[in-house]
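Asker: Here is what each chain is made of, one letter per residue.
There are 2 protein chains.
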Amino acid sequence: GTPTIPVLEIFGPTVQGEGMVIGQKTMFVRTAGCDYRCLWCDSAFTWDGSAKDLIIKMTPTEIRDELRRIGDNRFSHVTLSGGNPALLPQLEGLVSLLRGEGITIAVETQGSRWQDWLAEIHQVTLSPKPPSSGMATDWPVLDDIVAKLSARPAPFAVSLKVVVFDEADLSYTRQVHARYPGVAMFLQVGNPDVRRMDIGHHAADLLHRYEGLIDRVMSLSDLNDVRVLPQLHALVWGNRRGV
Amino acid sequence: GTPTIPVLEIFGPTVQGEGMVIGQKTMFVRTAGCDYRCLWCDSAFTWDGSAKDLIIKMTPTEIRDELRRIGDNRFSHVTLSGGNPALLPQLEGLVSLLRGEGITIAVETQGSRWQDWLAEIHQVTLSPKPPSSGMATDWPVLDDIVAKLSARPAPFAVSLKVVVFDEADLSYTRQVHARYPGVAMFLQVGNPDVRRMDIGHHAADLLHRYEGLIDRVMSLSDLNDVRVLPQLHALVWGNRRGV
Ligand code: SF4
Ligand code: SF4
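Quick mapping for you: the protein sequence lines, in order, are chains A and B. When the count follows our numbering, it moves up by one through the first sequence with no breaks and lands on 243 for the last residue. When the count follows our numbering, it moves up by one through the second sequence with no breaks and lands on 243 for the last residue.
The following block holds chain A by itself, in its conformation from the complex (with noise of 0.2 angstroms):
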């Protein structure tokens, strides 16, 4: 039979909340599994086993499906996120089946697995994770993944987005800026609370922390040519799930 994919959650039509098309309206794709585990993980629930009775196999079709009933006419712009979705070679049946109704795809993935469907998807932000993660940047393999999508013509296009915590997070933001100066770069500032749901004190100290953040990166001059963006989503909705 066709392969099915592991999903935790359909939704939208919503807007993308950060990276390089910040405020895009869309729906999600949210994919269970990941390759790692960051300490500061904000969908810890796609791969800690909290969410696994929710995980449901769904097919390319059954998919697409869900999409129209809950978004029916009113999108034409899919985010596959995770978990890392490049886990998942059987999401090339459910990106053809998308760009064959026309519909524009982004994906959000730590660039540490490659998958030949990733060539097909028009927005690739790839979040290589910080010191602060807990994590270890596997370079031989982002390297690789990097030059693979910034091969591709336009409008193709890919992006590094990297979230910074502390000092140590923004010295591993110049080192990949410096690796791959020809890509687009977007420092994300850091949510030190992935639980709390105070919302207005919640988007107080977000944007207390983006000042900060703002403040260092101007200050850099190895650091000119990069964007510096909040999570919109998290100053609307706090930390609330499915929006």
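Quick caveat, the hints were computed from the structure, so don't treat them as lab data. Backbone N, C-alpha and C define an ideal beta-carbon position, used for all residues, glycine too. One should not assume that every hint holds.
[Unchecked claim] FRET-style restraints, in silico, Cβ to Cβ:
(1) 57(B) - 150(A): 41 to 51 angstroms
(2) 96(B) - 50(A): 29 to 39 angstroms
(3) 49(B) - 11(A): 47 to 57 angstroms
(4) 171(B) - 102(A): 20 to 30 angstroms
(5) 205(A) - 138(B): 42 to 52 angstroms
(6) 222(B) - 50(A): 38 to 48 angstroms
(7) 200(B) - 155(A): 34 to 44 angstroms
(8) 51(B) - 100(A): 52 to 62 angstroms
(9) 138(B) - 73(A): 16 to 26 angstroms
(10) 141(B) - 150(A): 34 to 44 angstroms
(11) 147(B) - 101(A): 24 to 34 angstroms
(12) 136(B) - 175(A): 45 to 55 angstroms
(13) 101(B) - 119(A): 34 to 44 angstroms
[Said to hold, decoys possible] Computed from the model, here is a short list of chain B residues facing chain A with C-beta under 8 angstroms:
(14) 10
(15) 24
(16) 147
(17) 149
(18) 214
(19) 226
(20) 228
Given the coordinates of chain A, work out where chain B with the ligands should sit on it, guided by the hints.
Answerer: Only chain B with the ligands this time, still in chain A's reference frame:
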């Protein structure tokens, strides 16, 4: 002698708070003068006479020197803002001087006037004004400007950005997007109080309005391929000037 440019502010580096390169590290050069009188203009001091004595007539070289004095080597991107910078044919000298130094340039203009130097700008944001502004759009002029800027090859880019306060503005936005379907479209939530200095409440109010605009756009199938954004500088710094 060299034609001079009426300048009101030169500041940075800071982040671009809105539109197609939101988050980009950039310097700002704000020129004086506007052919519009938007009711909610957040830069009315550029045209209402209140800052008349602060206008300095500067040559391109003087502007470049001032950018280097305050930004040193900590920038590679400059944003020309107003007022309406497209009133000034003499910006051509500045544009070519900055481009010669490898600087990427962005401009925001309402699209009411053409200047040949606009063709040399890497990121042009055209921001036609909706009904709440009290201004009327000259569609044939805008058609011509959109056509000229859209015809340029990458990395030259153009986008449309409309500020939305109410339902009439949203209707206008839909009209703009339908007229120029191939041009990247940004909706920006309006800032209802350009004088309020209580940043905490200002940010909370803006985020609430942003959520409301998201809800409306998500419901409309003719606004699928759009991006909806707040003004990040208004969230972080409120209505403070020069940041
Ligand atoms: S790579 Fe992403 S999903 Fe995986 S653990 Fe890290 S933050 Fe979580
Ligand atoms: S076009 Fe821009 S600068 Fe001119 S009045 Fe309107 S908002 Fe103000």
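Asker: Can you give the numbers of the hints that this structure goes against, from lowest to highest?
Answerer: The structure conflicts with hints 2, 9, 14, 16 and 17, although it agrees with all the remaining ones.
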